[in-house]
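For the record, the sequence lines run as chains A and B. The number in this note's numbering is simply the position in the first sequence, starting from 1, with 430 added. The number in this note's numbering is simply the position in the second sequence, starting from 1, with 741 added.
Hints are computed from structural coordinates only; laboratory data are not their basis. Since this is a predicted model, take the numbers as computed values, not measurements. Hints may contain errors.
Claimed, not checked - Derived pair list, reagent style DSS-like, types lysine-lysine, alpha-carbon separation capped at 25 angstroms:
hint: 1; chain 1: B; residue 1: Lys820; chain 2: A; residue 2: Lys694
hint: 2; chain 1: A; residue 1: Lys610; chain 2: B; residue 2: Lys916
hint: 3; chain 1: B; residue 1: Lys923; chain 2: A; residue 2: Lys616
Claimed, not checked - Sample of chain A residues facing chain B (criterion: CB under 7 angstroms; computed from the structure):
hint: 4; residue: Gly594
hint: 5; residue: Ser598
hint: 6; residue: Tyr599
hint: 7; residue: Asp605
hint: 8; residue: Tyr607
hint: 9; residue: Ala608
hint: 10; residue: Pro620
hint: 11; residue: Ile642
hint: 12; residue: Asn645
Unchecked claim - Here are some chain A residues pointing at chain B (derived, C-beta under 7 angstroms):
hint: 13; residue: Ala602
hint: 14; residue: Gln604
hint: 15; residue: Leu606
For glycine and all other residues, C-beta sits at the position ideal for the given N, C-alpha and C.
These are the residues of each chain, in order.
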Amino acid sequence: MATKNFDLRSYKGFRFLTILCLVILYAPLVIVTIYSFNDSKSITIWEGFSFRWYIDMFSGPESAKFKLAAWNSFVIAIAAATIATTIATLSATSLVRGGMFRTRTLSLGLISLPLMVPEIVTAVATLIFFNTIGFDRGLLTIVIAHIVFCIPFAYLPIAARMQGIEDSYEQAAQDLYASKFQTFTKILMPLMMPGIISGFLLAFIVSLDDFIITNFVKGAGVETLPTAIFGSVKQGIKPNIMAISTALLAVSVMFVTLSYFVSKSEQKD
Amino acid sequence: MTDQHQAAIDVRNVVKKFGNFTALENVSLTIRDNEFFTLLGPSGCGKTTLLRSIAGFEQVTDGEIQLFGDDIADLPPNKRPINTVFQNYALFPHMSILENIMFGVEMRGNDKAVARTRAGEMLELVQLSQFAQRKPSQLSGGQQQRVALARALAPQPRVLLLDEPLSALDLKLRKAMQLELKAMQRETGITFIFVTHDQEEALTMSDRIAVMSDGKVQQLGGARDIYETPDNVFVADFIGETNLLKITVDQIIDGRAHCQLGGGHKLTCNEVQGIGVGTQVHLSVRPERLFLSTQPFEEESMAATVIENIYVGTDVQSIVQLNDGPKMTIRTQNSELGNKAVFDLGTNVFVSMEAGAARLLHG
Ligand SMILES: Nc1ncnc2c1ncn2[C@@H]1O[C@H](COP(=O)(O)OP(=O)(O)OP(=O)(O)O)[C@@H](O)[C@H]1O
Ligand SMILES: [Mg+2]
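Given these sequences and hints, build the entire structure.
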């Protein structure tokens, strides 16, 4: 076809590069996933398909430790995501709707800056902070640290959603006798809900997966799933780790997908 | 209790500045209770700004706005018994049509049952009862417009503001809605302040019209006043079509101004306050008040040549060149072929005007 030669969007050869990238990105995950179904104590020799390591996950010798760690992770993620999302929603409201106050641009920059700070720096800084104020490390320090680094992740989808909401709805509400507070709860919040849910899910998964900061601020004996996995792997990789990792991966993928669809679905109206 | 001519809204010397830019320049107007009042003017003249100031979304830089005799400067929008039909409707997308209409009634302190009854009545009024449970995005533009109207009327405001509510509709629907709006205003007795830049719409619907340009009110009056006795060149030109002719006033005798048009043509018209002998001013004559003939119809008939005939459906629009003078446009009704005849191009004709058709203008 004649038009094909003029299609500016087609760059031949780039398709190969793209596929290469995808292979490099996903090969390790695919291998871990496949070997989690291996019916063998060895992690490299395939001996047939089985769910044995998934059963081991619930009843094996290490299951108690991992169940507790998973529970900790879950509780921390729920608490951190809930609080971070609340803070992010309020900040987005004042930053996007608060008019042009002097520190607005600065505030906008500051709220997303942590995304670019190397995590190890944040981890060390948080640890030093807790030590300085003499705060005993434990579950609570993890939750506080998670709230802090989850805020920007929750903020971005919420602010993006909010920028897409014309202020004429709020004006219409006030025109119809709603107070500022009623306008917020009855109009702005429902309209922002897809952004809020999406922000919550993102914050939840970021908290669930975090290792570096958690490892620094957790108290002795308190483990989350990632730190427990790391601790176990230090003594040699066992196949049960692959099953646990695959399960964690599945949860992450599920949440990220959910977050994506929630933010997409309501953009139409 | 409310007599016909009580002021609903009194705008007094209102100035609104955005930075250095003056959007409203000393605007004063009184809008009577129960009237259909229209703000008419070209894009950017400050209509929306004035409306937003009345609704409470803009704080005026100077001057005062009174609502039934009280200064409302300190009342936020949600405390003013004024509702708005927004240009883009701004229907709440997450609520059903019914909930949209109930919103204002509930926010005004009525309980849900009252709001539901009231919303039901409003839906009936705008003939959308069968759509009560739909979301706004599931309605057509015209239907959304009616919901916006119902929502604004439901809390029974004392004044309703409408910012170009019909501009998104097609011509046919717009005409139908114009009549509906007018009827609704008469039935409810609520004061309507309607914004449009469509002069025909303004003329059809309004009791009174304020013509605005550049942040100033140019003229305020009934449709007929504004069309037939415009105060200045801007109003004459903006409302309908007109022939604007540069003339010099020769003499004024018994309230009649004798004017001189280029090429030795003479015209007589009623004197206008403040226009004296010797001044160069403009004269406006509507095309439909001129007619053509092959023989001079009267002493002041002007010799001309037909240079163009344009067929516009109901009328034929003829453009003639006055001998040694300017061009003029004449409108002849398509059906009425008596002395108001249409002539072939190049025909030598005489242009005459109906008595009282010409008007002297300031500016
Ligand atoms: N918030 C604002 N900041 C600065 N200038 C503004 C603002 N709002 C309006 N203006 C200016 O004030 C003038 C009047 O605007 P306004 O919206 O009242 O016009 P309008 O008569 O409603 O026009 P249209 O028919 O296009 O809606 C315009 O020149 C506009 O640019
Ligand atoms: Mg406008």
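Comparing the hints with the structure gives:
1. Lys820(B) to Lys694(A): 37 angstroms, violated
2. Lys610(A) to Lys916(B): Distance ~37 angstroms between Lys610(A) and Lys916(B) Cα, so the pair is violated.
3. Lys923(B) to Lys616(A): 33 angstroms, violated
4. Gly594: Violated - the Cβ of Gly594(A) stays beyond 7 angstroms from chain B, reaching only about 12 angstroms at its closest.
5. Ser598: At 4 angstroms from the nearest chain B Cβ, Ser598(A) passes the 7 angstroms test, so the hint holds.
6. Tyr599: 6 angstroms, holds
7. Asp605: 5 angstroms, holds
8. Tyr607: OK, holds: Tyr607(A) within 7 angstroms of chain B, min 4 angstroms.
9. Ala608: 5 angstroms, holds
10. Pro620: With a minimum Cβ separation of about 5 angstroms from chain B (threshold 7 angstroms), the hint on Pro620(A) holds.
11. Ile642: Violated. Min distance 40 angstroms.
12. Asn645: Interface hint status for Asn645(A): violated (42 angstroms vs cutoff 7 angstroms).
13. Ala602: Hint holds; Ala602(A) Cβ to chain B Cβ min 4 angstroms, cut 7 angstroms.
14. Gln604: 5 angstroms, holds
15. Leu606: 3 angstroms, holds
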